[in-house]
Every structure is written in C-alpha cells, then in structure tokens.
Amino acid sequence: MIRRDLLVFGGGAAAGLVFTPLPWRLLGDSAMWSQNWSWMPRAPRGEISDKEARCTLCAGGCALRAHLVGTTPVSLWPRGSALCPAGLVAHHMIWHPLRLRETLHAGKPAQADAALEAVRARKGQLAVLDLQPGRTASLIHRLHLAKLGGTYLTPPRVEGATAAAMASLLERPARLAPDLSAAQTVISVSTPLLDGWATPAHAARPNRAFKLIQAEARRSRTAGLADVHLSIRPFTETALLLALGRILLEDPARRAAAAKLGGFEDYQNAANSLTLEEAARQTGVTVDQLRATARAFDGPCAVIADGDPVGGPLREETRAAAAALNVLGGLRGFAAQAEVPAPKEWAGVAESRLDAVADGSIETLLIDEPGPGLGLPWLVIEKKLAPGALVVALTWNRANFFGAADWMVPAPVFLEAAQDAPPRYDSPRAAWAVSPALMPALAGSVHAADFVARLAGDEIKIADRLAERGKAVGGDFHEFDPLPAPRADRLLTVAMTGGRLARAARFVPDGVLMMAHGWRLAAVSPLLAKLWQESELKETPHQVTAHPDTLRAMNVTAGRSARLELPTGSLTVQVSADAAAPPGLVSLSTGPAWSRLCKPDDGGAWSARLVKLEAIA
Amino acid sequence: MKTTSRYAMLVDLDKCDGCGACMVACAMENNVPPPSSHAKPRTGRNWLRVFRIQTEQGDVHIPVACMQCEDETPCQSVCPQKAVEFDPATGIVGQIPERCLGCRYCMAACPYQARVFNWDDPQWPAGYEATLNPAVGVRQRGTVEKCNFCHGRWHQAREQAAAEGKPAGAVAYTPACAEACPSQAVTFGDLNDPVFAARTREADAFRLLEPLGTGPKVFYRTSSVITRKAVTEQSHA
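These protein sequences, in sequence, are chains A and B.
Residue 104 in our numbering sits at position 104 of the first sequence, with consecutive numbering throughout.
Just remember that our numbering sits 617 ahead of the position in the second sequence, which is counted from 1.
What the hints contain is simulated information worked out from the structure, not anything from laboratory work.
Possibly wrong hints are sitting among the right ones.
[To be verified] One-sided excerpt, in silico: chain A residues whose CB lies under 7 Å from chain B:
1) G224
2) L225
3) L531
4) T557
[Said to hold, decoys possible] Derived DSS-like pairs: lysine-lysine, alpha-carbon spacing no greater than 27 Å straight-line:
5) K599(A) <-> K612(A)
6) K783(B) <-> K211(A)
7) K51(A) <-> K344(A)
8) K846(B) <-> K51(A)
9) K211(A) <-> K383(A)
10) K344(A) <-> K471(A)
11) K123(A) <-> K384(A)
12) K632(B) <-> K211(A)
13) K383(A) <-> K108(A)
Where is the CB? At the ideal position from N, CA and C, for every residue including glycine.
The shape of chain A in the complex, shown without the other chains (with noise of 0.2 Å):
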C-alpha cells in the first residue's frame, strides 16, 4: 500500500460517508435531543390500564373508561354513551390551578381536625348548605343532622326551577321532569337547553326528536341551533307567557277544562290583562308570531323557563307563567320521577331551601360544595347568616368561598372519592350512578359526608354508605322508569294571586340592562379554554357584548378593555359587538368568579343591572 491509496481510501471513505445513513442518523438524534430540555413536560411512565367509572360532575352519570398510567388517570373516554367537553377532562380537576390543597383559617394554614372543635365548641344550631343535593352524601347529611338537630339546605333551584314550580300546583306533589323523548315541541324560555344545562351531553344531542323554539334576547348557542329562535325584548318573558295562555285560552274546550281548576280565574285575569297587541309590542314578538307558537300546544309540548344555571333564574312569577301554560297544555312533554332507593333507616330532617330560611337565622353553617359550577351568590347566603355566624366551607376550590368562610377544607374531587350523580332533572328516568375512588385522595381533603358525620359521632365513611345503598338498589347501575304525569289540580299557587303576575307581566324595563349568563362547567380545566379563547364556540368569560349602537352610545369601543360597573362591584371585560344583539342590552358572560357579580332581586333573579360600562384609557 502506498500513501496515494490511503489518501484515496480516505477521500473515497469520507465522500461515501455523505451517502451512508450516518450522517443522517446524526442528525435525527440530534434533532431529537434538541427536543427534550430539561424544561419540556414529559408524560408518565408505568403501567397503563383502563377502568370503568361514572362521571358524577353533574345529574347526567355518563359512563366513562378512565385510562391510566400507574394509578393517574391521564384521558377519560366515552363508554356506550356520550360525554360532554367538562366530561372528557374531568379528570384535570385533581390539579386545577384553582384547587384548595390544605385548610385555610382566615386565610391561613391550618388543621382539618381544628375546623371540626370549632363546630363543635359553638353553641346554637347548625345547617348545611348542600350545593349539589340529592347524592347519597345528602341523605348522610339529613341522617347526622336529625341526630345533631341541624337543618339542612338547599340552594335556589334554576335547572329544574319550572318542574318545580309546577310540582306546586299538583294535589299530591311529585318530582317531575320534562320527558324530552315525548315533546313534539319544546319552548325554552331564556334557558341555556342545548348548551349545558342539566346534563349537557344528554340535552344537547342535535339529532333530538323534538322542535325547540328559543325565546331569548340575546343570540345565544341554544337560539343559535334551535329551530326557532323568538328574539324577545330583555326581561319580557312574562309577557310573551301569558300571551300563549291568552291565546290557549281562546279554545272553548280547553278553556272549560282549565276552569275546573283552582285559581283559573286569578290567571284568567291575569291574562286578560294584555291584549296581544301590548305583548307585541312589550316582547317585539308579532303577533302572528305569538299564534304559530301556540300552536305548539296541538301535539305534546313543554314549557321550560328554568333560567341559565350561571346567569340566576328567572323570576318567580315568569316560573309561575310557565308552570301554568304546561297545565294548559295538559301536562303532556312531562312525566314523574321514579326515586332511587335508600335504606329506609336513613330517614333524616326534611329539605329546606335556603331562600326560605329567615335572614340573619343561621349561626354555624357547613357548605358543602363538591365539584365545579355549583356555587351560589355569597350575597344570597350571607344574608341568611347571624351576627357572627361561623362558616365553615367544604369545598374543592378556593375561589368561591375565600374571605368569605372562615374555615376552609379541601375536599375530595371526582375520581379520588366514590361519589354518586344527583338525580337527572331534564329525565323522566330515574338513574343511579356511581364512581369509584381510581386515584389516592389529596392529603388532607376531607369528604363533607365524614365531616358532618365526624360531628354526630358516627365514623361510618361515605364509600361504605355508598356501598350499602348498593345494595338497597340491588345491583350496580340501575335506571328507574318513568311514572305517569300526575294530574294538576291548580293552575296558579296562593302565592301567585292578587295580580302578582298580571303587574309582572306589564314590567317593561328601560334604560340599558344587563343579563349575565356562562357555563358552568367552565372551571373543570384550563384545557376548556380552547374552546373560547383559541376558538369562537363559546364566549369568553368577562366579555361584555351589546348592539353596536349600545356600545356607541356608552361611549365604549368593541375590541377594546372596559369597566364594568354592577351594584356588587366592578371588574374589567374585554367589549366586543354584535349586530344581532337588542339595543339597550348589555350582556355578561361571567367567569369563575361569578358568584360574586349577582345579586338576587326580589322576584329571586340573580341577574345583575348594569350601573355603568366605561373605555379603560
């Protein structure tokens, strides 16, 4: 060998390197390590398995395969059913940002077991507030209440506000539910139906079988994908009520079949009061346009005017309209209520509701708040509170109940307790759905259930009591048919006489008004931000949208920062315009923080009026 070939071999070696995958092996692996800094999130390792589960975020139970790795569940999935955008990152609720991870005593770190001697140690009685009532933690409530003397509550109803109401009018009172299965047509009055209201992936199913007529003043999703969206003047409900039982009254027969009922002639009059014309003009809806929706009272419809479940419901007496126009109509589109059993010795004090309690009654009160979108105005609460009242909140997150409780608890959240599902409201079906524990609790978190039943002396735990419901239900899960609507027996309550709803019906509101509404569910992950933020499909939280001359005339610019003025406080909103909009409404899509925005009116609305609307310089 000479150095002539060992220069050609070399040269010859490194050209041919360039056509050999070396180089570009080097490349792909450098590439690759230049993928994984030290700073990029790396998933999990370990054993990855699927089970089974409910979800228990809201009435709807859906059925669920958690995938795991190791015991963190990292991706929920619809199992024979459907679940809804919340649903599907349920599972992020275990490290929301928003979580409460220790007890907090004025604000301060402290010991669960402390919030209990404080219970204990205070003289007077003692009431908790369940906000997502109907689980079988609430049964355990009213089980340990009854042997404590306690009293429990629950918050104001808004899904299911009008079955409610119509329960009331009954003889024997039931819980009924609108059978969206029967219902030819649906008329939704100001209520978020198809944008999650009761149990969204249920509701929302567009391949529903029934029309939906939306009457609504705003644009909202649900008039958006209704059939027929009736753009009603702000507050105006009422009147557009009472105009379809004015005109359902015009039918001889069914006018003598609703005379035999009690308190016909007070909603006769009441009805009577406004002529077509003056609804016309007070809703903006034709009066042609009131006729073609009375007609949707030929075949099986239902009237639902519960309210949104974020913005407040509506007022009692639009209620009251609503519930007597489904009697009117003859109940049809609505159906009772099967109970889930429970072992009889469960047996505990009756429900209240908290609007019912005097003001300034309550002297130590628990609230109990399990999972997102259940909060309630403090305002509607602290009102009820004594002088001095201890408040003790057991809660998942610390947004709703900071400076406001003194104590506060962490509580477990869905999948690192067994929970159940409340009853479905939007179903004449009865279901019973449960979730077992998939994941070790949050050091520290304390089930409500237990905390109450710590204080009557009982230390059976909510898993076993679950259990034992089990088996009173005899079986897994289990679905309860339907009963019969039962016959009405009044068309308008005691409460709702003496020409309450015919001056309600005349309220025509002026000046620019403001209505809030959301979703509730908004706060199950920051992942649901896509769906606002880096998309169009749902509206921002604390963005304020109104006619472009509303906007004009407030001085205010779309696309802009602005002040938002309400009786309870003021925060900054992101404005935007919308020609579709009604003049003279400003409306409030609210955020986490909302609970602390409304404030309750007389007729038990939540909605806030606006005082002021200002350009951030």
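On the provided structure of chain A, position chain B as indicated by the hints.
Here is chain B on its own, set in the frame of chain A:
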C-alpha cells in the same frame, strides 16, 4: 409501496352542534397544551378547530382539521426539510417535528389553514404533566404541527393486531375526535372499505375546496342545501 389503507373521515354537519368535545379530546390525546395567555383563534394550537357559520336556518358548525390530501399534497411539496411525509400505507400525511425548521412554508401552502405553529414551548399548569398521554411526544417551540388522524392510536392498533396474530395490513382504529363526539357526527373509516367509501360518494357528501384537486380525505355531508352552500362559500372566502 402497496397501499393497504386509505383512512378518511366523514363529518355529518346535520349532527354537529359545535360542543367542542372533539377539540378537547384531540388536545388531550395529542398533548396539545392549554392556550397561552396571548393565544387567539388565529394563533391557537388546535389541530382540530370547529368553525361556526351563521345561516338563515340557524348556526352550522364545521370541524376542520388536516384534510390528509393525497394528490399533490401541497404541504409536502414545499417542505425543504422533508418534515412532511405522505404515508402510502395509510394515506396519512405525517408531520415529523424533529425535522421541522419552523419555516412555515407548509402553513402558507395549506389551502385549509389546518396547520398550527408552536409560538411557545408547551406549558401545562403545575401537576398537569401527570395527565400527558405517554403514547405521544411533546413538541417544542418553533415547530409546525397538525392532525395526523391520531397516528399514535394507529401504531397501538397495529401492535395489538400483531400481538393477537392477526395478518399485517389494514387495521381498524378510531381517532380521539371520533371517539369523543357525543352526537356521533364524526365517523372514521377506510376508503378501501366499500361500505365506508360508498357513504363518502353519496349525493349529499362533499369535500372542501374540491376543485383544487388535492384529494382531501375528510368528507362532509349534510341534507340541507343551505348548509352546504354556506359551508362551501365560507371555505372559498
């Protein structure tokens, strides 16, 4: 290479109500992070985005992701890094983040605007790393990404078929969006399957920007003439 599958998607616009479950499921499956504070619809990182179109019949929602073009794939032809590869075995247009330089030629070339750019490093709130899908890698800042019909799921389905001793070739699987859709508006199948292919050839089925001749494999169907007209007009706009 012999084509064994031509995976495709069929979206029933009459069933889609724009709930966004497909978007959320896609982000969860493919480790797409929550939006950064300055993200907007135009700068978002959704591989699949649902657009809303207002029509005289009400709102129409149209999920749009990568169309997996099989003829003259526009993004593939402009990529200087060969970071985009059309896989003839599946019909899926793959995106290889390790090769991507972030030049965004592919984004400019894509007629469907179905590609997104990682303007930031992926960030999840503390603790959320525990929820990442171990079957999919995390992409860093400066790379382009897009829908790949949940390629990770295809790999898993293929491995499972092999483990069960099934013959190599076409395997059936379901992408995250189709699995999550509560109204079953999104269906997924193989164009080599005569039954599925027949559904995509029905009179009420159509594709977006079909005259461009890129051979998109995401099909839409609607029985409403108004909806079809609105969607077609919007896609041309």
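query: Failing hints, ascending?
result: 4, 6, 7, 8 and 9
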